[in-house]
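2 protein chains.
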Amino acid sequence: MKELVNRIEKDGRILGEDVLKVDSFLTHQVDPLLIKQVGYRFASHFAEAKVSKIVTLETSGIAPAVFAAEKLGVPLIIARKSKSLTMKEELLTSSVYSFTKQETNQISISSKFLSKEDHVLIIDDFLANGQAAKGLIELCSQAGATVEAVGIVIEKSFQEGRQLIEDMGTNVVSLARIASLGDGAISFLEGDA
Amino acid sequence: MKELVNRIEKDGRILGEDVLKVDSFLTHQVDPLLIKQVGYRFASHFAEAKVSKIVTLETSGIAPAVFAAEKLGVPLIIARKSKSLTMKEELLTSSVYSFTKQETNQISISSKFLSKEDHVLIIDDFLANGQAAKGLIELCSQAGATVEAVGIVIEKSFQEGRQLIEDMGTNVVSLARIASLGDGAISFLEGDA
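For the record, the sequence lines run as chains A and B.
Going left to right, the first sequence walks through residues 1 to 193 as the UniProt record's numbering numbers them.
Going left to right, the second sequence walks through residues 1 to 193 as the UniProt record's numbering numbers them.
Next up, chain A with everything else stripped away, as it sits in the complex (with noise of 0.2 Å):
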């Protein structure tokens, strides 16, 4: 995606060689005009699969999957990374490590949300080693529900995140994809949409 890109190679900032910074449009501070835009690509991208629900992992992704939800028209399900005391129902739930936070989270979602009937795109901000990404296809997974692709905003390819989900049989769908941030400098491949 074209203005993305653009964005992140005028905004992105490069933390080593692993770490690509986007707190002033994506992560932190939103640009609400730009991820209209990614939510709206992903919304288009999809408008031929069947898709019933969107389910996204709080909280950098809830931007960019509420308005995809919007256009497609579809509930949002926010997976929640602990489980608050007001949620005592029957949960899905299983557990994701977080390299850059360096600690593992259960992440759930209520059971009621999810069923076998539903066919349930999962958008994320990023995918780096694919461990958000493999809990959330999980817990649709418990739920009996299919799992049409995973939507990312910013993928870093030259991690192994997109063969781990792609190894679980599910398609992957990148709007940016990142091939190096050696020397300083961010390549790209092509995107998926």
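Where hints are given, some of them may not hold.
Put simply, identical chains are the same to the list, so a pair is met inside one copy or across any two.
[As the list claims (entries may be wrong)] Calculated cross-link-like contacts (lysine-lysine; reagent style DSS-like; alpha-carbon spacing at most 27 Å):
no.: 1; residue 1: Lys71; residue 2: Lys2
no.: 2; residue 1: Lys116; residue 2: Lys10
no.: 3; residue 1: Lys112; residue 2: Lys101
no.: 4; residue 1: Lys112; residue 2: Lys10
no.: 5; residue 1: Lys21; residue 2: Lys116
no.: 6; residue 1: Lys112; residue 2: Lys21
no.: 7; residue 1: Lys116; residue 2: Lys81
no.: 8; residue 1: Lys81; residue 2: Lys101
no.: 9; residue 1: Lys81; residue 2: Lys21
Everything labelled a hint here was simulated from the structure, so no lab data went into it.
Source: prediction; values computed, not measured.
Chain B: place on chain A using the hints.
What follows is chain B alone, placed relative to chain A:
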């Protein structure tokens, strides 16, 4: 806001005298069409205010806030509840006690995203005891920014939050105001917008 009140009456679930669960359309599963209307309602209410940034606290405020930000054409800043390893720069920080989760969170915003030139609209999903809104106001004050108002999707008017925020000199605009959850019924006050 009539559509919101109708939806709370239809799908809100009362858990004790203090707790209203709206996880089927706002806090866990999001109805993007309703929440877009909610965000746009804030935008039209504050169209004449000189809002330069919207600030919310992860997680449940993001969806309504990003639609308001998109309509007003201003950035959304998502205050974080814990520091990630990639947030190394100067932070605005405040402490917020959550009665729901019975824990104190440090909330923070990177100081580069707020300045004394900014006029901020704070948006959150719930106003109960007011601790989250108070913390967000404190972050804005640290930056020297002006808080135009606190916009709330659902206010529990029988708790002290509104008074606390108004005593800080900040206007509160709540789309749905709940007078009581007693006797298994939800009773409403007139909303602000």
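Hints versus structure:
no.: 1; hint: Lys71 / Lys2; in the structure: both (20 Å within a copy, 23 Å between copies)
no.: 2; hint: Lys116 / Lys10; in the structure: between (43 Å within a copy, 25 Å between copies)
no.: 3; hint: Lys112 / Lys101; in the structure: between (30 Å within a copy, 22 Å between copies)
no.: 4; hint: Lys112 / Lys10; in the structure: between (42 Å within a copy, 17 Å between copies)
no.: 5; hint: Lys21 / Lys116; in the structure: between (37 Å within a copy, 25 Å between copies)
no.: 6; hint: Lys112 / Lys21; in the structure: between (36 Å within a copy, 14 Å between copies)
no.: 7; hint: Lys116 / Lys81; in the structure: within (23 Å within a copy, 34 Å between copies)
no.: 8; hint: Lys81 / Lys101; in the structure: both (13 Å within a copy, 13 Å between copies)
no.: 9; hint: Lys81 / Lys21; in the structure: both (22 Å within a copy, 18 Å between copies)
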